[in-house]
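Undergrad: Let's have the full structure, built from the sequences with the hints guiding it.
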Amino acid sequence: MSIFSDLGARLASIVWRRREEREMEEELRFHMDMEAEQARRAGASPDAARRRGMIALGGVERTKEEVRDARGTRVLDDTMRDVAFSVRTLLRAPAVALVVIVTLALGIGGTTAIFSTVDATLVKPLPYQEPGQLVRLYEGSPGEANPHGFVSPTMFLAYRERLSSFEHLAAGYTYDDRGADIGADGRPERIHVLSITAGYFATLRRPPAMGREFEPNEENGAPSVILSHQLWVDRFHASPTALGAELVMDGRPYTVVGIMPGAFVDPLRPGADAYTPLDMTPGLDPSNIDNHYLTVIGRLRPETPLPRAQAELDAVLVSLGREYADARRTAARLYSLKEDMVGPASRALELVLGAVGLVLLLVCVNVATLLLVRASARAHEFALRAALGARRSRLLRQMLVESLVLALAGDALGLVVARAAMSGIVRLGAGSVPRLSALSLDPTLLLFSVAITTASAVLFGLTPALRAVRTDPIDALRGEDRALAGSRGHNRVRSALVTAQVALAFVLMVGAGLLLVSFHRLRSLDLGVDTDHALVFELHLPDARYDSTARAAFYEDIASRIAHLPGVRAAGGVSKLPATGEYHEWGTVPVTGPNVGRTHANVGAQQRIVSGDYFRAAGIPVLEGRAFDARDAAGTPKRAIVSTLAAEKLFPGVDPIGQRLRTGGFEWEVIGVVPDVSVNAEGDREPTIYHAHAQFAGDRNWAITQIVSTSGPPQRLIPLIQRTIAERDPQLVMYRPMSLADAIGAGTAQRKFTLVILVCFAAVAVLLAALGLFGALAYAVKLRSREFGVRMAIGAERGTIRRLVLRQGLVVTVAGIGIGLVGFAAFARVMSSLVFRVRPLDPSVLIGAAAIILVVGAFAAYLPARRATAVDPRTILQ
Amino acid sequence: MADARTELVQGTLEMLVLKTLALEPMHGWGIAQRIELMSNRVFMVTQGSLYPALVRMRRRGWITSSWRVTENNRRARYYALTAAGERQLDAERAAWRRASGAVNGILSARLAPGAT
Numbered sequence: 001m002s003i004f005s006d007l008g009a010r011l012a013s014i015v016w017r018r019r020e021e022r023e024m025e026e027e028l029r030f031h032m033d034m035e036a037e038q039a040r041r042a043g044a045s046p047d048a049a050r051r052r053g054m055i056a057l058g059g060v061e062r063t064k065e066e067v068r069d070a071r072g073t074r075v076l077d078d079t080m081r082d083v084a085f086s087v088r089t090l091l092r093a094p095a096v097a098l099v100v101i102v103t104l105a106l107g108i109g110g111t112t113a114i115f116s117t118v119d120a121t122l123v124k125p126l127p128y129q130e131p132g133q134l135v136r137l138y139e140g141s142p143g144e145a146n147p148h149g150f151v152s153p154t155m156f157l158a159y160r161e162r163l164s165s166f167e168h169l170a171a172g173y174t175y176d177d178r179g180a181d182i183g184a185d186g187r188p189e190r191i192h193v194l195s196i197t198a199g200y201f202a203t204l205r206r207p208p209a210m211g212r213e214f215e216p217n218e219e220n221g222a223p224s225v226i227l228s229h230q231l232w233v234d235r236f237h238a239s240p241t242a243l244g245a246e247l248v249m250d251g252r253p254y255t256v257v258g259i260m261p262g263a264f265v266d267p268l269r270p271g272a273d274a275y276t277p278l279d280m281t282p283g284l285d286p287s288n289i290d291n292h293y294l295t296v297i298g299r300l301r302p303e304t305p306l307p308r309a310q311a312e313l314d315a316v317l318v319s320l321g322r323e324y325a326d327a328r329r330t331a332a333r334l335y336s337l338k339e340d341m342v343g344p345a346s347r348a349l350e351l352v353l354g355a356v357g358l359v360l361l362l363v364c365v366n367v368a369t370l371l372l373v374r375a376s377a378r379a380h381e382f383a384l385r386a387a388l389g390a391r392r393s394r395l396l397r398q399m400l401v402e403s404l405v406l407a408l409a410g411d412a413l414g415l416v417v418a419r420a421a422m423s424g425i426v427r428l429g430a431g432s433v434p435r436l437s438a439l440s441l442d443p444t445l446l447l448f449s450v451a452i453t454t455a456s457a458v459l460f461g462l463t464p465a466l467r468a469v470r471t472d473p474i475d476a477l478r479g480e481d482r483a484l485a486g487s488r489g490h491n492r493v494r495s496a497l498v499t500a501q502v503a504l505a506f507v508l509m510v511g512a513g514l515l516l517v518s519f520h521r522l523r524s525l526d527l528g529v530d531t532d533h534a535l536v537f538e539l540h541l542p543d544a545r546y547d548s549t550a551r552a553a554f555y556e557d558i559a560s561r562i563a564h565l566p567g568v569r570a571a572g573g574v575s576k577l578p579a580t581g582e583y584h585e586w587g588t589v590p591v592t593g594p595n596v597g598r599t600h601a602n603v604g605a606q607q608r609i610v611s612g613d614y615f616r617a618a619g620i621p622v623l624e625g626r627a628f629d630a631r632d633a634a635g636t637p638k639r640a641i642v643s644t645l646a647a648e649k650l651f652p653g654v655d656p657i658g659q660r661l662r663t664g665g666f667e668w669e670v671i672g673v674v675p676d677v678s679v680n681a682e683g684d685r686e687p688t689i690y691h692a693h694a695q696f697a698g699d700r701n702w703a704i705t706q707i708v709s710t711s712g713p714p715q716r717l718i719p720l721i722q723r724t725i726a727e728r729d730p731q732l733v734m735y736r737p738m739s740l741a742d743a744i745g746a747g748t749a750q751r752k753f754t755l756v757i758l759v760c761f762a763a764v765a766v767l768l769a770a771l772g773l774f775g776a777l778a779y780a781v782k783l784r785s786r787e788f789g790v791r792m793a794i795g796a797e798r799g800t801i802r803r804l805v806l807r808q809g810l811v812v813t814v815a816g817i818g819i820g821l822v823g824f825a826a827f828a829r830v831m832s833s834l835v836f837r838v839r840p841l842d843p844s845v846l847i848g849a850a851a852i853i854l855v856v857g858a859f860a861a862y863l864p865a866r867r868a869t870a871v872d873p874r875t876i877l878q
Numbered sequence: 879m880a881d882a883r884t885e886l887v888q889g890t891l892e893m894l895v896l897k898t899l900a901l902e903p904m905h906g907w908g909i910a911q912r913i914e915l916m917s918n919r920v921f922m923v924t925q926g927s928l929y930p931a932l933v934r935m936r937r938r939g940w941i942t943s944s945w946r947v948t949e950n951n952r953r954a955r956y957y958a959l960t961a962a963g964e965r966q967l968d969a970e971r972a973a974w975r976r977a978s979g980a981v982n983g984i985l986s987a988r989l990a991p992g993a994t
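Which chain is which? The protein sequence lines are U and R, in order.
Residue numbering for the first sequence follows the numbering used here, beginning at 1 and increasing consecutively.
Residue numbering for the second sequence follows the numbering used here, beginning at 879 and increasing consecutively.
Calculated from the structure, these hints are not laboratory results.
Treat the hints with care, since some could be wrong.
To be verified - For lysine to any residue, the following SDA-like pairs were computed, each having C-alpha atoms within a straight-line distance of at most 20 Å: (1) K64(U) <-> E35(U); (2) K64(U) <-> K897(R); (3) K638(U) <-> G658(U); (4) K897(R) <-> S917(R); (5) K64(U) <-> R955(R); (6) K64(U) <-> R936(R); (7) K897(R) <-> R971(R); (8) K897(R) <-> A987(R); (9) K897(R) <-> L985(R); (10) K638(U) <-> G665(U); (11) K64(U) <-> E892(R); (12) K64(U) <-> N982(R); (13) K64(U) <-> R934(R); (14) K897(R) <-> R938(R); (15) K64(U) <-> G908(R); (16) K649(U) <-> D326(U); (17) K64(U) <-> W945(R); (18) K64(U) <-> Y956(R); (19) K649(U) <-> T592(U).
TA: If you want it as structure tokens, here you go:
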């Protein structure tokens with residue numbers, strides 16, 4: 001009770017202060033009146049009564065003070081006065097205050113937002129039980145440093161049978177991004193379907209909420225389906241009778257055997273609406289040993305660490321390599337699923353964490369130097385107040401309050417910046433960065449950065465005040481700046497601070513520079529296709545209404561219809577757009593030419609199925625021979641077009657036209673050569689074989705992405721193309737139309753996300769560094785303005801002094817750059833995995849960063865020097 | 879004035895105020911008067927110590943105050959004891975008895991024979 005009633009009374013005293021004062025006056029007057037009355041009644045002489053009244057009066061003021069003290073509000077009263085005074089003082093010289101606040105806000109906001117991103121996407125565990133046991137399996141060629149290839153069905157079956165390190169091993173079909181149409185009547189609806197093996201959900205330890213997962217005996221394309229929670233709600237209105245009901249996909253009925261819980265997020269395809277059993281019968285055919293299309297995840301046994309599982313896998317692969325002598329990829333590597341999911345971002349995010357630390361450090365150093373600048377400017381004021389008798393504790397408290405006011409303003413603005421930055425990050429990475437949707441400001445991290453920056457603000461706010469109260473006020477009043485500038489030791493500390501600042505700024509600037517160069521190189525990369533004037537979209541032909549003949553006819557027909565539209569240069573289709581990743585890599589062997597019968601004649605080549613006038617639509621010229629045309633129909637001999645790289649590998653030294661090759665179970669005659677196009681957004685080239693859809697439509701219902709080359713902006717043609725498609729088949733959906741540039745961008749969105757964040761962050765860091773550098777050098781010059789005055793008074797030229805200051809500023813700057821260079825070289829290796837086509841110690845970036853820092857340093861030293869020397873020396877000396 | 883009057887022993891003022899208010903609610907001047915009277919004018923209560931003490935005691939919840947009109951038709955702030963104040967008075971009284979007993983014991987002690 002007492003604490004609260006006490007606090008309540010104190011608070012009431014503040015709120016009702018006026019009333020309290022009035023009542024106190026009245027109470028004391030009453031007391032004095034009664035006192036006087038008593039004296040009069042006792043027959044005191046008027047003189048004595050007056051004297052007594054005077055004494056009483058003298059006592060009254062003291063009593064009032066003591067009563068006020070007893071109220072316990074004195075500290076709060078004074079503090080409120082201090083706060084008001086601080087705000088007035090800060091407003092009188094707003095520049096430094098503003099810079100400190102902005103520094104704190106940018107520092108806190110930026111670092112917290114970045115910290116939280118790192119935390120959400122990298123540090124937080126996967127949303128599955130015992131996530132540490134989850135691994136992803138990739139295949140590759142023996143000796144490959146970082147194998148990241150998909151798994152062939154034959155190998156997968158062997159792994160599942162022979163490996164004992166795993167509790168479960170499961171696979172998903174990698175190329176399932178075409179989805180399926182559901183609903184037989186009216187307009188079909190497109191959903192995302194993922195084909196999976198038995199044990200997929202057991203691996204994740206997230207069994208269906210209702211029903212069961214697939215059994216091994218369904219791994220033959222059985223018509224079973226597991227619904228996502230969302231699809232169950234949308235299609236079956238969350239009715240339990242959905243279990244065992246029928247769902248028609250692509251005109252084929254499937255039986256619902258399971259329903260996933262609402263909170264489940266698929267690790268391979270986060271938006272999956274339904275699951276079907278993966279047909280593993282191709283795995284029984286040894287010729288599929290080089291058909292890599294499976295994404296494999298597994299759960300290790302609790303007692304098996306990853307290296308032991310890897311050792312067992314290596315041993316199994318040795319015997320598999322003997323059994324399948326012609327297999328090209330007989331190496332495999334296990335990665336932790338978490339590492340795999342955050343993928344290339346993880347390195348970058350670790351780097352960001354380091355940069356966050358640097359920036360926080362920089363913020364602290366900046367605030368320190370800026371507050372020192374302020375203190376030096378106010379040395380006189382403090383000396384004067386000390387000389388007039390202000391108590392030290394009072395001066396210190398006022399400085400404390402001032403620092404806190406600054407820090408809190410910075411913190412508040414920092415929160416605003418952090419929130420804005422977070423929503424920006426979420427918008428930027430939406431859909432491309434795994435688990436970003438779970439992003440929220442982390443309170444612990446926020447507290448951390450607020451605490452550390454506030455602490456530094458308070459610490460460095462108090463230091464000058466401490467020094468000021470320790471200094472003899474007489475010296476300070478005489479203008480002995482030396483007294484405030486401190487000893488040689490203090491100067492050394494300050495020089496060290498500035499050097500550290502320059503070094504930090506340099507490291508951050510080089511990092512930013514490298515990223516910018518990477519970003520630019522990535523952007524201006526020649527992918528081998530025309531990305532700016534091409535519209536792409538998907539069309540899905542339901543099996544029920546389109547057999548292979550109808551599909552072949554449809555794709556050729558729609559391409560020629562679209563090609564005749566105004567504003568269209570060419571139209572065609574392809575099974576996988578260029579620069580959007582590897583797809584359908586099949587073993588390919590020459591049937592003619594010099595390599596026949598040689599070992600290693602087998603080339604892993606990307607296979608692309610094209611329709612219409614694909615090469616012209618994509619802007620790929622035909623170098624030799626011809627493109628596909630009406631002659632390459634279903635009944636004619638199979639023909640292929642090869643890329644330059646494929647031609648060199650399959651038919652070295654001979655004319656590829658007319659040569660024959662074998663892939664996908666057929667023999668093909670080469671009729672043309674086209675240049676290589678980038679298989680991914682990084683400009684990597686792979687041997688590629690193109691097939692005419694019309695000749696290959698019988699193999700499967702290929703998902704052909706349409707590509708339309710336009711003379712104007714691609715988006716403008718969408719309605720026209722939609723009408724054209726509707727004229728041909730009103731039930732078809734023009735799915736996900738976008739420019740080719742956007743389609744490729746989507747593939748690189750994660751990298752772009754990382755780069756944009758890093759570049760923004762680096763820009764903020766560099767801004768902070770420049771601010772800090774400026775503040776620090778300005779401070780050093782300010783301290784010496786008196787010395788300059790003396791020098792000028794005894795005849796020194798202004799120019800000489802300015803050059804002197806400039807030289808000293810540059811010495812500190814160059815020293816800082818040197819230290820920064822050494823520091824950067826130490827972690828250049830970390831950068832090398834992140835930068836693109838630029839060396840971490842790229843001289844032009846290093847020189848550029850050094851030049852910018854030098855210019856900032858020179859300005860930061862020169863401007864205050866100019867101001868210091870511009871005034872009449874007499875003014876300074878007075 | 880002849881001064882056999884003494885300042886109050888440190889810390890006893892609050893106990894005496896509590897005791898006074900235990901008799902009846904009273905204003906500040908009345909409290910001072912009553913303590914002087916009850917102590918046969920040995921103790922002198924100055925307003926400089928009384929009013930801060932009243933504020934402190936009010937803060938601790940031992941007493942409450944309200945404005946009332948005196949018999950002479952003047953407005954005055956009257957103080958009254960709360961339940962917490964009564965408990966405090968009991969506690970202080972007990973502590974005082976212990977302390978004064980101990981002090982008296984010391985003052986009336988004589989040197990026992992043989993003790994060094």
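Undergrad: Taking 20 Å as the top limit, are the C-alpha atoms of K64(U) and G908(R) close enough?
TA: 19 Å, holds
Undergrad: Would you mind confirming whether the straight-line C-alpha gap from K64(U) to N982(R) stays at or under 20 Å?
TA: With a Cα-Cα distance of about 38 Å, the restraint between K64(U) and N982(R) is violated, given a limit of 20 Å.
Undergrad: For K638(U) and G665(U), compute the direct alpha-carbon distance and say whether it is at most 20 Å.
TA: 11 Å, holds
Undergrad: Tell me if the straight-line CA distance from K638(U) to G658(U) falls inside 20 Å.
TA: Holds. K638(U) to G658(U) sits at ~12 Å (cutoff 20 Å).
Undergrad: When you check the alpha-carbon spacing of K897(R) and R938(R), does it fall within 20 Å?
TA: Within the cut-off at roughly 16 Å; holds.
Undergrad: Hinted pair, alpha-carbon criterion (20 Å max): K64(U), E35(U). Please report holds or violated.
TA: Given pair K64(U), E35(U) holds - Cα atoms ~17 Å apart, limit 20 Å.
Undergrad: Taken at face value, is the distance from the CA of L985(R) to the CA of K897(R) at most 20 Å?
TA: 27 Å, violated
Undergrad: Holds or violated: are the alpha carbons of K64(U) and K897(R) at most 20 Å from each other?
TA: Roughly 25 Å separates the two Cα atoms, so the pair is violated.
Undergrad: Between K64(U) and R955(R), does the CA-CA distance stay at or below 20 Å?
TA: Distance ~16 Å between K64(U) and R955(R) Cα, so the pair holds.
Undergrad: Check whether the Cα positions of K64(U) and R936(R) lie no farther apart than 20 Å.
TA: 16 Å, holds
Undergrad: Given the proposed pairing of K897(R) with S917(R), does the C-alpha separation stay at or below 20 Å?
TA: Judged against 20 Å, a Cα distance of about 12 Å means the pair holds.
Undergrad: Are the Cα positions of K649(U) and T592(U) separated by 20 Å at most?
TA: 13 Å, holds
Taken one by one, the earlier hints fail for this structure at numbers 2, 8, 9 and 12, listed in ascending order.
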